[in-house]
Amino acid sequence: MPKTRASLESQGVPGWIQAMPFGLVFAAFFVLPLAFVIMVSFWDYNDYEMIPAVTTRSYTESFEGCLAQLPDLCTMLATYLSTAKFCLIVWALTLAIGFTVAYFLAFYVRSTTTQMVLFLVCTIPFWTSNVIRMISWIPLLGRNGLVNQVLVSTHLVNAPVEWLLYSQFSVALAFVHLFTFFMVAPIFNSMMRIDRRLIEAAYDSGASAWQMLTNVIIPLSKPGIAIGSIFVVTIVMGDYITFSVMGGGQIASAGKIIATRLNALQFPPAAASAVILLCATMVIISVLNRIVDIRKEL
Amino acid sequence: MNEGRPLAFYGLAAFFALFVLFLYGPMIVIFILSFQGPTGGLTFPMNGVSLHWFYRLWEGGGIVDIAGAFKRSLALGLVVMVLTVLLSLMAGLAFRKKFGGSDALFYVAVASLIVPSIVTSLGIAIEFHVLDDLIKNYGPSWIADNYTTSMGQFTSGLGAHLTWTLPFGLLVMFAIFNRFDARYEEAARDQGATPWQTLRYVVLPIVAPSVVGVGLFGFTLSWDEIARSSQTMGEHNTLPMELQALTTTVTNPDIYALGTSTTAVSFAVIAMALGAIAILRARQARHGSDAGQA
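From first to last, the protein sequence lines stand for chains G and B.
Each step along the first sequence adds one to the number in the numbering used here, with nothing skipped, and position 243 is 249.
Each step along the second sequence adds one to the number in the numbering used here, with nothing skipped, and position 14 is -2.
What the hints contain is simulated information worked out from the structure, not anything from laboratory work.
Keep in mind that the hints are not guaranteed to be accurate.
What the hints assert, rightly or not - Label pairs and their computed distance ranges (CB to CB): (1) L188(B) with L94(G): 44 to 50 Å; (2) L38(G) with A192(B): 22 to 28 Å; (3) R265(B) with K228(G): 21 to 27 Å.
As the list claims (entries may be wrong) - Counterexamples of contact, computed for chain G against chain B with all Cβ distances above 10 Å: (4) I23; (5) V31; (6) I95.
No experiment lies behind these values; they were computed from the predicted model shown.
From the three backbone atoms N, C-alpha and C, an ideal C-beta is built for every residue, glycine too.
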């Protein structure tokens, strides 16, 4: 059937119809639910149900004592401070490790096939369960675990070290273990886009490997670093599973506040803490977004 | 750029090897320990080698309904996989054209990755509670009388999983179409192919191997999901939720056996996906010159 020029340019079904099912899923299960979270955070409640009457009770109770107790920190601020500390530690570690791994893969592995195979090796654990990767530390770090067995048998310590598991250490370790991939992937992607002629030009101009790294590669990898940072920081901010499983129930976190309130089946206070968490997350993203225009890089 | 291997290469290669050991080492340890003998404990040494803990696990010895949770997670994962492939592919095609609200849709999808899962889960739970209340109080009596809840694995639970898998699916589709050579389509159109024929006989065969990757994301992300499931699954738990519940009362290696079993499923799915990609690539190589024939 011969085609006219006009119908050649028409590409069948209009885009908005093709995107409709995808959009409807997000409207029904993401946008609308978020609206409900915000709305319900201003509702009243009693022991067994929520009451649709506007009140700021959930917020005032969340921040109860925050002004009165100064300079001591109230629960909410102390929890956020502690979560922020974890964010910073985990961010620094995943960035250092993720950057080094990506740098090795992108610039020191010569064949593309090897590059892809090694990248896949880093990717596969991401496709397995986080909880299993968490509990896999138990036989290593537990009171009778491998690390303690070695430490005791070599007489480096007299009694098993207790802080290895169910501690701040194990929480941070698990985060690094689980989420360094979120740094490796975007940084590797940024590095692979760097024009190799720039590297050659720097090399020909007599740049040392270190100068090449600091003056060429790091600045050009900034988009990947920013995207990876957003992933890692928001994951730690909103996490409650890693904190509960690896912290042994002892360590509070911003995400855990929501989970705890939900266990008490109190939707409005849980919603209020969710809104507070969202605001905190948005502040972090807007700071990182200033460093680099993320939209441009995806 | 360098003739011999520079010294830095060996340092970085050693670092990379340590990183891989760090990634895989602990998992390998629990795979080994899941074959612990019947009298063995949670740590080394191994007291014999047996399948005792696997038997115990699948007989439901002591712990909750693992077989049921396994089937539920498998069913949900497969449905999520199919929907993720279909919806991401359609959306990926849509984003190649201009359509109103495409920017907004993109931002919403990315926001869904970044907004903490527990918040999304809470929102869906509230949404369904409100919906249930509306139906109970205002619905016609033939619905309202025997009504309990609309919340369940394939309503709220499915939706919750899709908000997690679809953004990954869309990003993979972007990567696919960024590399797609549009001249193949033009050639097909120039020879009189309809839009549907172009899609069916040109575009789909070319992108098929990568679309398998979208399916892989869809299944494995759903199979291991907890945070979004936590408030949205209704009365029955999925497998990862059971696993997480078990971590608070870890006393013997059956939790390792469960870990090994679910990871075996993940690995089987990854292997099948890589196999399918290899087969499709080989097929492309054989039939390459025929692409575009109706």
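Hints, verified against the model:
no.	hint	result
1	L188(B) with L94(G): 44 to 50 Å	holds, 46 Å
2	L38(G) with A192(B): 22 to 28 Å	violated, 34 Å
3	R265(B) with K228(G): 21 to 27 Å	violated, 34 Å
4	I23	violated, 8 Å
5	V31	violated, 5 Å
6	I95	holds, 17 Å
Hints 2, 3, 4, 5, counting from the list given before, are not met by this structure.
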